[in-house]
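Peer 1: Sequence:
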Amino acid sequence: MLGGRPVFVLFGSSIVQYSFSNGGWGATLADIYARKADILLRGYIGWNTRRALQYIDNMRKIADHLKSLSEKTRVIFLSCPPLNEEMLRTSTSSTILSEIVRTNETCHLYSDACVALCKEMNLKVVDLWHAMQKREDWMTACFTDGLHLSEEGSNIVVEEILKVVKEADWEPCLHWKALPTEFAEDSPYDLVSSGGDATVNPSEWTIHRKIPWD
0 MLGGRPVFVL FGSSIVQYSF SNGGWGATLA DIYARKADIL LRGYIGWNTR
50 RALQYIDNMR KIADHLKSLS EKTRVIFLSC PPLNEEMLRT STSSTILSEI
100 VRTNETCHLY SDACVALCKE MNLKVVDLWH AMQKREDWMT ACFTDGLHLS
150 EEGSNIVVEE ILKVVKEADW EPCLHWKALP TEFAEDSPYD LVSSGGDATV
200 NPSEWTIHRK IPWD
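Using numbering that gives the first Met the number 0, read the sequence shown as starting at 0 and increasing by one per residue.
No lab work stands behind these hints, which were simulated from the structure alone. Just to be clear, a hint being listed does not mean it is correct.
27 Å max Cα-Cα, derived DSSO-like pairs, lysine-lysine [stated by the list, open to error]:
1) 162 - 133
2) 123 - 71
3) 162 - 71
4) 133 - 60
5) 133 - 118
6) 71 - 176
7) 71 - 165
8) 123 - 133
9) 133 - 71
10) 165 - 118
11) 162 - 66
12) 123 - 60
13) 209 - 66
14) 35 - 176
15) 162 - 60
16) 133 - 209
17) 66 - 123
The calculated label-pair distances, taken between Cβ atoms and stated as ranges, are [as the list claims (entries may be wrong)]:
18) 184 - 22: 17 to 23 Å
19) 158 - 187: 36 to 42 Å
20) 22 - 190: 24 to 30 Å
21) 211 - 53: 40 to 46 Å
22) 211 - 171: 19 to 25 Å
23) 63 - 198: 46 to 52 Å
24) 33 - 121: 29 to 35 Å
25) 41 - 119: 21 to 27 Å
26) 53 - 188: 51 to 57 Å
27) 195 - 121: 52 to 58 Å
28) 45 - 111: 22 to 28 Å
29) 53 - 187: 57 to 63 Å
A quick note: this is a predicted structure, and the numbers were derived from the prediction, not measured. Every residue, glycine too, gets a C-beta built ideally from N, C-alpha and C.
Could you put together the complete structure from these sequences and hints?
Peer 2: Next comes the structure, spelled out in structure tokens:
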């Protein structure tokens, strides 16, 4: 949280970089937190912990660094999501890249390692590997290419992030319903009501959303 308005920094690889595409989870968070907080995208396609350091010990270093930035900094890790191996093999990227050897079981190992580290360090974590596979149709519904997330997959990410933020004992609370809306005061220039005798303040409206996020 910087100044008077919280800032959510989304840091990661292509799943983060693409989070503003195809009804992505980053774009959805930006909509949910409109006029309440800033969503800052820092996604780098092709990167991994060899580029942002190396895994477990390196994730620990990343967490320590983030926590050292400010006593107001809050950290949520997203674990490795599952993947559809067959869809990934037949996707467009398979004609561009060498043979892809990533497996869903490997993703499971990385996810469990991330969750265990977060428990050790008392950090908040979203276990995407298990959360996504709660859907019976996750293999076809959650991906655009077997790896990157579709709108349905992104909706699961948003739901799980909001759940963590809502339940966290952070002060101040960073759940979107707990944050003030900027410039929400009534104004004589607000929309005119259907009766024509009053104005309607639309500052808190969420009627445009397909999903009534909690």
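Peer 1: Hint check: residue 66 vs residue 123, CA-CA at most 27 Å. Holds or violated?
Peer 2: It holds: about 12 Å lies between the C-alpha atoms, which stays within 27 Å.
Peer 1: Using the C-beta atoms of residue 33 and residue 121, is the stated range 29 to 35 Å upheld?
Peer 2: 31 Å, holds
Peer 1: So if I understand the rule, the pair passes when the alpha-carbon distance is 27 Å or less; does residue 209 with residue 66 pass?
Peer 2: 35 Å, violated
Peer 1: Does residue 71 pair with residue 165 here, judged by a C-alpha cut-off of 27 Å?
Peer 2: 17 Å, holds
Peer 1: Between the beta carbons of residue 22 and residue 190, is the distance compatible with 24 to 30 Å?
Peer 2: 27 Å, holds
Peer 1: Falls inside 22 to 28 Å, the C-beta gap from residue 45 to residue 111?
Peer 2: 24 Å, holds
Peer 1: Please work out if residue 123 and residue 71 have their alpha carbons no farther apart than 27 Å.
Peer 2: 15 Å, holds
Peer 1: If you check the beta carbons of residue 211 and residue 171, does the distance land in 19 to 25 Å?
Peer 2: Holds: the Cβ-Cβ distance is about 24 Å, inside 19 to 25 Å.
Peer 1: Looking only at beta-carbon atoms, does the pair residue 184, residue 22 fall within the given range of 17 to 23 Å?
Peer 2: 32 Å, violated
Peer 1: Is the straight-line distance between the alpha-carbon of residue 71 and that of residue 176 27 Å or less?
Peer 2: Roughly 19 Å separates the two Cα atoms, so the pair holds.
Peer 1: Would you mind confirming whether the straight-line C-alpha gap from residue 133 to residue 118 stays at or under 27 Å?
Peer 2: Measuring from Cα to Cα gives roughly 22 Å; hence the hint holds.
Peer 1: CA of residue 35 to CA of residue 176, is that 27 Å or under?
Peer 2: 9 Å, holds
Hint check: violations occur at hints 4, 9, 13 and 18; the rest are consistent with the structure.
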